[in-house]
Amino acid sequence: MATKTNPGRFFEDFRLGETLVHATPRTVTEGDRALYTALYPTRFALQSSDRFAQMSGFDESPLDDLITFHVAFGKTVPDVSLNAVANLGYADCRFLKPIFPGDTIRTTSEVIGLKENRSGKTGIVYVRSTAVDQMDDPVLTWARWVMVNKRDVASPATEPVLPALPEAVSAGDVPIAEGLDFSGYDFDLAGEPHRWGDYAVGEKIDHVDGVTVEEADHLFATRLWQNTAKVHFNIQARDDARRLIYGGHVISLARALSFNGLANAQMIAAINAGSHVAPCYAGDTVYAWSEVLDKTETAAPGVGALRLRLVATRNRDADMALRAEDGKYAPGVLLDLDYWALVPV
Amino acid sequence: MATKTNPGRFFEDFRLGETLVHATPRTVTEGDRALYTALYPTRFALQSSDRFAQMSGFDESPLDDLITFHVAFGKTVPDVSLNAVANLGYADCRFLKPIFPGDTIRTTSEVIGLKENRSGKTGIVYVRSTAVDQMDDPVLTWARWVMVNKRDVASPATEPVLPALPEAVSAGDVPIAEGLDFSGYDFDLAGEPHRWGDYAVGEKIDHVDGVTVEEADHLFATRLWQNTAKVHFNIQARDDARRLIYGGHVISLARALSFNGLANAQMIAAINAGSHVAPCYAGDTVYAWSEVLDKTETAAPGVGALRLRLVATRNRDADMALRAEDGKYAPGVLLDLDYWALVPV
Amino acid sequence: MATKTNPGRFFEDFRLGETLVHATPRTVTEGDRALYTALYPTRFALQSSDRFAQMSGFDESPLDDLITFHVAFGKTVPDVSLNAVANLGYADCRFLKPIFPGDTIRTTSEVIGLKENRSGKTGIVYVRSTAVDQMDDPVLTWARWVMVNKRDVASPATEPVLPALPEAVSAGDVPIAEGLDFSGYDFDLAGEPHRWGDYAVGEKIDHVDGVTVEEADHLFATRLWQNTAKVHFNIQARDDARRLIYGGHVISLARALSFNGLANAQMIAAINAGSHVAPCYAGDTVYAWSEVLDKTETAAPGVGALRLRLVATRNRDADMALRAEDGKYAPGVLLDLDYWALVPV
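Chains as they are written, first to last, in our numbering: chain Y, 1 to 345; chain E, 346 to 690; chain B, 691 to 1035.
These aren't lab readings, by the way, just hints derived from the structure by calculation. Keep in mind that the hints are not guaranteed to be accurate.
List time: in silico BS3-like cross-link candidates among lysine-lysine, alpha-carbon distance up to 30 Å [to be verified]: (1) Y/115 <-> Y/295; (2) E/495 <-> Y/150; (3) B/920 <-> Y/204; (4) E/349 <-> E/673; (5) B/694 <-> Y/204; (6) B/694 <-> Y/328; (7) E/640 <-> E/442; (8) Y/230 <-> E/466; (9) Y/4 <-> E/549; (10) E/575 <-> Y/4; (11) Y/204 <-> B/840; (12) E/673 <-> E/549; (13) Y/4 <-> E/673; (14) E/349 <-> B/1018; (15) B/985 <-> E/349; (16) B/840 <-> E/495; (17) E/575 <-> B/694.
Keep in mind that this is a model prediction, so the values were computed, not measured.
Chain Y extracted, bound-state conformation:
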């Protein structure tokens, strides 16, 4: 009798153009929101208050955009990255529709690129993943590429196919949630007076606050997203007997810390690129800083967009240095995330 457990896919198992249906659709609820608030020091008013959301054009408070991201992403792990050696990057991640309590998310992925590495031991798999809700409306789409082990070093290499991916979602393509309206925005309740016009391209913001991470923080989070990667949970899965913190946990932590200085960056509209520069472990004290990369107006009433670099660091770097003199990431940098946020004009 064949084994009934899932060994994960190896490089040879991926076929260009095939669609992977990921398991375990997930209804998100107020329980997820409460846990998100308990896990991250987040205080954005739009995701905290039904009334503030109603003043912003919604029927009720949407769940944090990163809840959508984590849930949708977690679904892909058993089929895409269980045998991954490295998560190399993502691109063109667009938040198409906000998620509200009671919505059900499921994810599929299309294989859009394959390239064997020279060593013959591994290859790079590119997938375009799409999450839809219970109306089959797309809520999130993103491209991702991972390095995956080959099952057999001797298996023949296939013709490399590399997908065309944009360097960033262009200013004109920033997705805006239907109905979003910041024309009656309450800056007092949001917590800061800074509006879109107050941010200048090139400006850097030190978010000042830090959080020392506990094991329970990332374990609860990563399980909540039904992300099954062993290295996050099982100290026997790594030689150093430490749990590697899920990269998405660092994204959420840095985003929450960015409230102090970006309290009005209420929604994430797109993620252009993300690098998990260094591993994060329990005991690390994580800080964040941001840099304004670009800005654009939008067609939605009162809504502008800022393109931001969000950098998470181990220990505080008041100098906000991204790179060392050698051009490599500065020591202590954990995350370099490039995203579009929606702010009141």
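Assemble the complex: chain Y is given as a structure, and chains E and B must be docked to it using the hints.
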């Protein structure tokens, strides 16, 4: 003035046939579901997705059957086992009606057996506990026996009365949730292709994955179930100054790990027997394996039942050995649970 | 470009009579209730069961009164106490309206007193904070005073203004939730038989149970309340590299432990005074005892009020000593809280 705190019942306090009304009815909600997902690496589609549940004959997603079990069981602790020396076993545990967010559970117990031990220091108390919902419909019933201290060694022994308990819920008596229908089952969304016919009696499944337990995991869980046993929370309550993990936490952990190989075992219909073979502590890395003990068809459309042995171990045992050569449980075995699960045919 | 982060207010920034609008209104939900249950060993029936609440005059189960307190209080931290040297006390805290899932809380504070300290380095700020729900109905009001650093030691002292604050909410002013009715109270489901008449002024109750606190306990709690004080989260924010546990966490823990002996003290109507006598850290095993200070009947059917002193201690003090021989708090005392609770007559 008499003390107002509850000292717990001693052996002499139990009367054959009396009914104990347990305190603190409990409304279960989406908050419990979210926490359950954050506490255990569970991915069963039926308890994760309203849509999957609707395809299976329900109006919405039921809460995990073990939430019902833990909540109902936790209620009995202050009245039954506060002075227990040992939890000796349970039997004939039947899940009669699934629980949905908003349902309120309360539990009563009838004393169905009493037997003093030869030492005169302790006795065994047998109770039949029943949990009902807000409609007074029974949702769960089970028998349990615990060894309880006597208040006074000199108190006279009573006539021993032992209840008749079935070795297992028989194949014809496996309870099926009203309305359950797997005839339109989606194996892709559930995560595995294996159906009832693919499992053979005697087959063993190594669930492969492991989780290193943190203190916060079981503390949050055990409090959530309002289980008050001191040894789980207070390091001063035990000579070794360690917190003993609630046995039910290991059940839920093993059940969640069993997804990998038993993703379609969507519901627990009955627990036939359970032994907490060895204590579990934070820091242990827990794995699980299963053995198919029996199987039966049911009257519900598309629904079959598997009788499974679920074994949790400290560290992985790829040999899946239940017993050592001396007939005792193999070293590392933490839990030996015998239950009926419902799977698509 | 000016910094965009919030440095917090210094003593000179507060103006007598000004109103501070605190950020991030917060919709509370069943998720908060579930987390509260997972964080504290609470078992009060009124906040656990919709049915019990319906028997008590409500449409559904209210959230724990301390959830209201923590959420409302957390809002004030960034504007009032970010640069606080010490939280000196609170008074006249009245719970005016219970909070139910879906309600949205926001808080404002009026500066009601200012007094510079002799050193010239710090001053005492008195605020009256009021939380309202989405109907703009007040749900909680309290006075609080904190010692805050001056920005500049040389800045001139202002005329001291001290507010008039009652030593305690008087027996005739104890607020009662609209509709509360204990005339059909079920003592079995509540867990204890002791009614209002069974408690005598001067009586002390040792709540017996203890909980050894984990870091995750208070971190999850304090984040859930969106309380931003650095010392709770960031080990680099304190010289001893330890996280200081939020005082409100100790209040909730002690209140939950008081169930054993005060299971029928279902609601907190008012907090008269509170002293966080000593800091609490992870690893401490916390116990609680209570003393009946006063009692009064109320106009609500079946409802009486007890004025209670709730004392939390590090390690158990079966002698329940509040003060040492020198008149100072006894060693081990963490919290001395004076409050009014509502109990069935």
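Hint-by-hint comparison with the structure:
1. Y/115 <-> Y/295: 35 Å, violated
2. E/495 <-> Y/150: 64 Å, violated
3. B/920 <-> Y/204: Given pair residue 920 of chain B, residue 204 of chain Y holds - Cα atoms ~22 Å apart, limit 30 Å.
4. E/349 <-> E/673: 44 Å, violated
5. B/694 <-> Y/204: 10 Å, holds
6. B/694 <-> Y/328: Status holds; Cα separation ~28 Å.
7. E/640 <-> E/442: This hinted pair holds, its Cα atoms lying about 21 Å apart.
8. Y/230 <-> E/466: 47 Å, violated
9. Y/4 <-> E/549: Within the cut-off at roughly 10 Å; holds.
10. E/575 <-> Y/4: 40 Å, violated
11. Y/204 <-> B/840: 28 Å, holds
12. E/673 <-> E/549: 19 Å, holds
13. Y/4 <-> E/673: 28 Å, holds
14. E/349 <-> B/1018: Judged against 30 Å, a Cα distance of about 28 Å means the pair holds.
15. B/985 <-> E/349: At roughly 17 Å apart (the allowed maximum being 30 Å), residue 349 of chain E and residue 985 of chain B satisfy the hint.
16. B/840 <-> E/495: Not satisfied, since the Cα-Cα distance of roughly 64 Å exceeds 30 Å.
17. E/575 <-> B/694: 49 Å, violated
Comparing the model with each numbered hint stated earlier shows that hints 1, 2, 4, 8, 10, 16 and 17 do not hold.
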